[in-house]
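Line by line, the protein sequences give chains L and C.
Heads up: the first sequence begins at 1 in my numbering, then just goes up one per residue.
Heads up: the second sequence begins at 154 in my numbering, then just goes up one per residue.
Possibly wrong hints are sitting among the right ones.
[Said to hold, decoys possible] With the C-beta cut set under 7 Å, the calculated list includes, among others, these residues of chain L facing chain C:
1. 3
2. 9
3. 16
4. 17
5. 20
6. 24
7. 33
8. 52
9. 67
10. 69
Calculated directly from the structure, the hints in this document are not laboratory data.
Cβ coordinates follow ideal geometry from the N, Cα and C atoms, glycine included.
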Amino acid sequence: MEKPTLEDLLKLKRHEKPSAEFWRSFDRELREKTLKTVVHQQRWNASEVVRTVRRVLTPVFPVAAAALVAVAFLVPSDNFQSGFTPIQDFSEPAFAVHNPYFVSDSVHSSHHALASDSHRVQAGVGSGVCFAEHSLGGASSMNGGATVVSAIF
Amino acid sequence: MGLLQSVTKPTQAASAQVASADSDADWLLVQRAQAGEMAAFNVLVKKYRERLYSVIYNLTANREDTADLTQDAFVKAFQSIGRFQGRSAFFTWLYRIGVNTALSHLKKNRFRRFLSFETLQESALKEDVFTAMADDSGADKSLFMNELQERLNESLQKLSHKHRTAVVLFEIEGLSHQEIGEIMGCSEGTARSRVHYAKQQLQGLLKDYIQR
């Protein structure tokens, strides 16, 4: 008997094949796996975007919040009404009438102006004029008493 | 000799042309798959699934694992097809993914291995050399073939991963030493030496069944 060569024997391996039925289920499973991968990839991409945004915003958020608070204090707001009770002083009615906008640079003049404003408030009730006070730096005594008083029409 | 050369050269040239045309067709399909066309990738799967399955099966000798590993290899190829630049043939790139997937699996599961073989197709029984052997042995032909198949697979599993890969790709898949080098990430010479050494070992392991 003539024995086969090693090469002949190894060629036998080429005849070890799965059936046609196997390939049908193989294709179906592979399609499922591929689609799962696509969905997983999309989810991963979405979560990666969220993670990146969070990573960027986490250190920025406190700074942004602080900046917002600072801006809220510094930018004049029409809605902010002073709780400061003006001193009613009717000694100089003509001053308020001729100077609706002014900035005072001393505690004395500030009080003077406010006193005049209160006069204006009272004087302007009938004509639809009112006054609002905004304090730069939060307190007039801290910045040398500089107080901005604007008129709203 | 002159006649042999004149016959061989056009044959080689023709096969090179076929391989080149095949490679070009693959590259077009790859480009369509890279553009997001799933149908193009499915064509590539249909074209190479049996060959990739065969490589992985001959490395693992376990048909249940092979089905999963082949699918995993295709999924990996699908995931990274965007990075394929066409510097090598598509099938070389795909085989590399398949071989790496199979070898990683073998390394992970080296302590719990069991073998399960595919059924030999009817065509194997028609090979003259095996028919003659079966007749001489006096055993039932299919039983004899199954025994031969078992011995062969066991012997292959006794080889190291590198030698097994080299001999499977060369003798069973019919790849060239250069292609094996590309797939295994080694030189052509190293691939040649691995095939030679693997065959020497197999000769020793299968001495009762083969010619010296």
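Hint check results:
no. : hint : in the structure
1   : 3    : 5 Å, holds
2   : 9    : 6 Å, holds
3   : 16   : 4 Å, holds
4   : 17   : 5 Å, holds
5   : 20   : 11 Å, violated
6   : 24   : 12 Å, violated
7   : 33   : 5 Å, holds
8   : 52   : 21 Å, violated
9   : 67   : 41 Å, violated
10  : 69   : 47 Å, violated
Violation of the numbered hints given earlier is confined to hints 5, 6, 8, 9, 10; the remaining hints are satisfied by the structure.
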